[in-house]
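Just so you know, the protein sequences line up as chains A and B, in that order. With this note's numbering as the guide, the letters of the first sequence map in order to residues 100 to 537. With this note's numbering as the guide, the letters of the second sequence map in order to residues 100 to 537.
Honestly, the hints are just simulated from the structure, not real lab data. There's no promise every hint is true.
Identical copies carry no separate label here, and so any pair may be met within one copy or between two of them.
Said to hold, decoys possible - Cross-link-like lysine to aspartate or glutamate pairs, in silico, DMTMM-like; alpha carbons within 20 Å at most:
1. Lys186 / Asp210
2. Lys503 / Glu484
3. Lys521 / Glu234
4. Lys503 / Asp179
5. Lys479 / Asp340
6. Lys186 / Glu243
7. Lys151 / Asp390
8. Lys503 / Asp210
Just so you know, these numbers come straight off a predicted model, no measurement behind them.
Next come the chains, spelled out residue by residue.
Protein chains: 2
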Amino acid sequence: MNSLTLLRKLEDGSLPEAVRVAADSERSAAEELAAAILAGHVVMPASSAGRKVRPTAIGKGMRTKVNANIGSSSEAVSADDEAGKLKAAVSAGADAVMDLSSGGDLVAIRDRLLASCDLPFGTVPIYEAASSARERTGSVVDMEREDLFAVVQAHADAGVDFMTIHAGLSRAALEELSAEGRLMDVVSRGGAFMIAWMLHHDRENPFLDDFDWLLEILAGSDVTLSLGDGLRPGCIADATDRAQVHELMTLGRLGRRAREAGVQVMIEGPGHVPLQDIEINVRMAKELTGDAPFYVLGPLVTDVAPGYDHITAAIGGAVAGAAGADFLCYVTAAEHLGLPGTEDVRTGVIASRIAAHAADVAKGVAGAADWDRQMALARKSLDWEAQINLAIDPQTARSVYREKSSEGVEGCSMCGELCAMKIVSDHLGIKAGEISGC
Amino acid sequence: MNSLTLLRKLEDGSLPEAVRVAADSERSAAEELAAAILAGHVVMPASSAGRKVRPTAIGKGMRTKVNANIGSSSEAVSADDEAGKLKAAVSAGADAVMDLSSGGDLVAIRDRLLASCDLPFGTVPIYEAASSARERTGSVVDMEREDLFAVVQAHADAGVDFMTIHAGLSRAALEELSAEGRLMDVVSRGGAFMIAWMLHHDRENPFLDDFDWLLEILAGSDVTLSLGDGLRPGCIADATDRAQVHELMTLGRLGRRAREAGVQVMIEGPGHVPLQDIEINVRMAKELTGDAPFYVLGPLVTDVAPGYDHITAAIGGAVAGAAGADFLCYVTAAEHLGLPGTEDVRTGVIASRIAAHAADVAKGVAGAADWDRQMALARKSLDWEAQINLAIDPQTARSVYREKSSEGVEGCSMCGELCAMKIVSDHLGIKAGEISGC
Numbered sequence: 100m101n102s103l104t105l106l107r108k109l110e111d112g113s114l115p116e117a118v119r120v121a122a123d124s125e126r127s128a129a130e131e132l133a134a135a136i137l138a139g140h141v142v143m144p145a146s147s148a149g150r151k152v153r154p155t156a157i158g159k160g161m162r163t164k165v166n167a168n169i170g171s172s173s174e175a176v177s178a179d180d181e182a183g184k185l186k187a188a189v190s191a192g193a194d195a196v197m198d199l200s201s202g203g204d205l206v207a208i209r210d211r212l213l214a215s216c217d218l219p220f221g222t223v224p225i226y227e228a229a230s231s232a233r234e235r236t237g238s239v240v241d242m243e244r245e246d247l248f249a250v251v252q253a254h255a256d257a258g259v260d261f262m263t264i265h266a267g268l269s270r271a272a273l274e275e276l277s278a279e280g281r282l283m284d285v286v287s288r289g290g291a292f293m294i295a296w297m298l299h300h301d302r303e304n305p306f307l308d309d310f311d312w313l314l315e316i317l318a319g320s321d322v323t324l325s326l327g328d329g330l331r332p333g334c335i336a337d338a339t340d341r342a343q344v345h346e347l348m349t350l351g352r353l354g355r356r357a358r359e360a361g362v363q364v365m366i367e368g369p370g371h372v373p374l375q376d377i378e379i380n381v382r383m384a385k386e387l388t389g390d391a392p393f394y395v396l397g398p399l400v401t402d403v404a405p406g407y408d409h410i411t412a413a414i415g416g417a418v419a420g421a422a423g424a425d426f427l428c429y430v431t432a433a434e435h436l437g438l439p440g441t442e443d444v445r446t447g448v449i450a451s452r453i454a455a456h457a458a459d460v461a462k463g464v465a466g467a468a469d470w471d472r473q474m475a476l477a478r479k480s481l482d483w484e485a486q487i488n489l490a491i492d493p494q495t496a497r498s499v500y501r502e503k504s505s506e507g508v509e510g511c512s513m514c515g516e517l518c519a520m521k522i523v524s525d526h527l528g529i530k531a532g533e534i535s536g537c
Numbered sequence: 100m101n102s103l104t105l106l107r108k109l110e111d112g113s114l115p116e117a118v119r120v121a122a123d124s125e126r127s128a129a130e131e132l133a134a135a136i137l138a139g140h141v142v143m144p145a146s147s148a149g150r151k152v153r154p155t156a157i158g159k160g161m162r163t164k165v166n167a168n169i170g171s172s173s174e175a176v177s178a179d180d181e182a183g184k185l186k187a188a189v190s191a192g193a194d195a196v197m198d199l200s201s202g203g204d205l206v207a208i209r210d211r212l213l214a215s216c217d218l219p220f221g222t223v224p225i226y227e228a229a230s231s232a233r234e235r236t237g238s239v240v241d242m243e244r245e246d247l248f249a250v251v252q253a254h255a256d257a258g259v260d261f262m263t264i265h266a267g268l269s270r271a272a273l274e275e276l277s278a279e280g281r282l283m284d285v286v287s288r289g290g291a292f293m294i295a296w297m298l299h300h301d302r303e304n305p306f307l308d309d310f311d312w313l314l315e316i317l318a319g320s321d322v323t324l325s326l327g328d329g330l331r332p333g334c335i336a337d338a339t340d341r342a343q344v345h346e347l348m349t350l351g352r353l354g355r356r357a358r359e360a361g362v363q364v365m366i367e368g369p370g371h372v373p374l375q376d377i378e379i380n381v382r383m384a385k386e387l388t389g390d391a392p393f394y395v396l397g398p399l400v401t402d403v404a405p406g407y408d409h410i411t412a413a414i415g416g417a418v419a420g421a422a423g424a425d426f427l428c429y430v431t432a433a434e435h436l437g438l439p440g441t442e443d444v445r446t447g448v449i450a451s452r453i454a455a456h457a458a459d460v461a462k463g464v465a466g467a468a469d470w471d472r473q474m475a476l477a478r479k480s481l482d483w484e485a486q487i488n489l490a491i492d493p494q495t496a497r498s499v500y501r502e503k504s505s506e507g508v509e510g511c512s513m514c515g516e517l518c519a520m521k522i523v524s525d526h527l528g529i530k531a532g533e534i535s536g537c
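Just chain A, with the same shape it has in the complex (with noise of 0.2 Å):
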């Protein structure tokens, strides 16, 4: 090992500086959070090999978080494009950046990514192992267990933060999912590479066979184990079945393992869920893992919306967040229809912002309710640019302010003239004593 790991640092007493930043932006106690995260309630990903990365806690009690998914297709390799993108999540606002890149020449494009942010950046290694294989021999599943491995300790090398890792999608998931009948099957990218290679191989998961040795990698450089959910719905209809259970419960045993290994650990989940069922998936996955951060994808509340997942994601999301989810993987418009570009990305953030933040005003988190008193404050007294400058996006407030308003009309250029609180405001100036609370 080249360092202790952050619950190592924290099972000795000591309190690292980043700890404590991130408890001030929390508007927490260090202490607390120190507990939280040596609970596995809250973990803070930042790998010991690379750069300095901004101390974010996730977890239980803090702010709900929001991460992008950026990365090339097979079809769609540009480096620059996905700087680009990189750029749009950061100054939107994102919490965490994963890079998802399937094409092109991807330990070039993850690294340019990796050196420009400082986020904390989480990469899926199966990606990379399956695209290498394809390269060398035409098959994603023709590599050895050592090769998977292999790949993520070259992540691990180059100061990735988090690793997606399917390690929960065992033989016994797969019985589950063949009994079950489901509508769509398998639609996540790692989890179905995994299903590829263990159906092909006939061996069992060598991330579940060899998990004491993927955690030894993880905690070589204190990378958060994000523990994928490979048999994650592909649509409404298949969310919450036997399948999707039992990795969740594996998933489960396999965070204690992790955090016992001193490798901090958060779990992934669904995806496409009903509206009605969200609340019970985010309980029983709190349940089930011991309250470890519970990271979704969305979730998507239905199915029939391409063009216009940000909006389904978010809706799902701020139910999800309310319900205790702690990170928020955004949803682009571009969902089931192609690779987001730039823009996708910007509004992907900021609608996943807006679920992020509806949730913590039902959560109670610190200071959220404040924000939007703030704003009702500006409203109040018609002030245009605090009301902008309080927006969760200054810059589309401002612009679509700037493209409507008309000059010189008091109330806004919603109502003209006839603003009601142009209306009451002036009429109370008659009787101001009749409505004292105005």
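Given the coordinates of chain A, work out where chain B should sit on it, guided by the hints.
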């Protein structure tokens, strides 16, 4: 009276064709729908004075409906623009439209819109009354009680199908408002006019005082009464206070009187409501109004996202709908910044329809989940044409797909040849027996 209202016809045991048509479209029995209308749980707004209206049932057990507000302001007066917005709303799939015009020749704009609209068409007569008063004398409050009723009569004669009337805004409710101490007081434009009038003239609300006169006018053309919530909260901090609940209780009482007079009635609700309070707001409204159809504006789950209020409203609308709200008034991306344009209208309707559909899946509305199921099957078979045709907005889905897609690639343009579904299906070709469900 011109003829019997729908309620009176149903009381007399007849079953109008429109009820049969609406029941068919809801996959319900006509007799059941008739019983629900008689019980006051469902309304079918359709004036007897005017044109033919698409039979539209709003209420318990029905598909959640979406309303689009359009209309001029004193700063943006163009009948052509409003006609364009109406067209956009209809083609995006709105179930109803309200003309909230407050600038220009209000009668001409309304009549032009009415003539080209086969959806239930609503207005807020007090806007016209206040605008006329302002034009005549410079003050929105400079009108007699009779002037208010005269405008309602004119709208009824013109064939308006439903009208928002803030009849529950009593002096007693204002005292609650006064005692409460809100951040934002009153943000309902109609509510503000009413309050200004009440304070200026030192009188009770005429629509409350002379509610029977109002009902007589409405019954004359079978106008559905939409009881407005003039004290709806204007920011999440003000939600669910005593002023709001006081008015709601009055609305419930008035709703009962309306039905007794043969007038169909729905109840309007907020507005700005934090996520954790939406369900109690909906359930309280249903309890206090005898399960009358509940018509919400959004609700917006946060105040901090100007430029994205179609998304904050979609979050709130989905949760409200799932809890029992029957009718969602869209909110556009321009809300709080300016008057919506045609594209804002289109996107606003789609966002609200996504919320309504997510709610319908959650409520188990007949046929709702089938749509998602069809989409899942189209995705599984990588049938792009079917996916696009099944999309809630096929036009947008097609244009995003075309922009992103690459020629000759199996799988989709998002993951290219590393499509999870393709990988699993390829490998199940080898070992199909292993996962029989796939």
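Status of the hints after comparison with the structure:
Proximity of Lys186 to Asp210 under the C-alpha cut-off of 20 Å is restricted to the intra-copy arrangement: shortest distance 15 Å within a copy versus 50 Å between copies. Proximity of Lys503 and Glu484 under a CA criterion of 20 Å is satisfied intra-copy only: 15 Å inside one chain copy versus 38 Å between copies. Proximity of Lys521 to Glu234 under the C-alpha cut-off of 20 Å is restricted to the inter-copy arrangement: shortest distance 17 Å between copies versus 67 Å within a copy. Taking CA atoms no more than 20 Å apart as the test, Lys503 paired with Asp179 passes between copies only; the shortest distance there is 17 Å, against 35 Å inside one copy.
In this assembly of identical chains, the alpha carbons of Lys479 and Asp340 lie at most 20 Å apart only when taken from different copies (18 Å versus 48 Å within one copy). Taking the closest pair of Cα atoms, Lys186 and Glu243 never come within 20 Å of each other, the shortest separation being 36 Å inside a single copy and 60 Å across copies. In this homomeric assembly, Lys151 and Asp390 never come within 20 Å of each other (Cα to Cα): the closest approach is 28 Å inside a single copy and 57 Å across copies. For the identical chains of this complex, Lys503 and Asp210 are neighbours neither inside a copy (43 Å) nor across copies (26 Å), given an alpha-carbon limit of 20 Å.
In the structure shown, a violation is registered for the earlier hints numbered 6, 7, 8, in ascending order.
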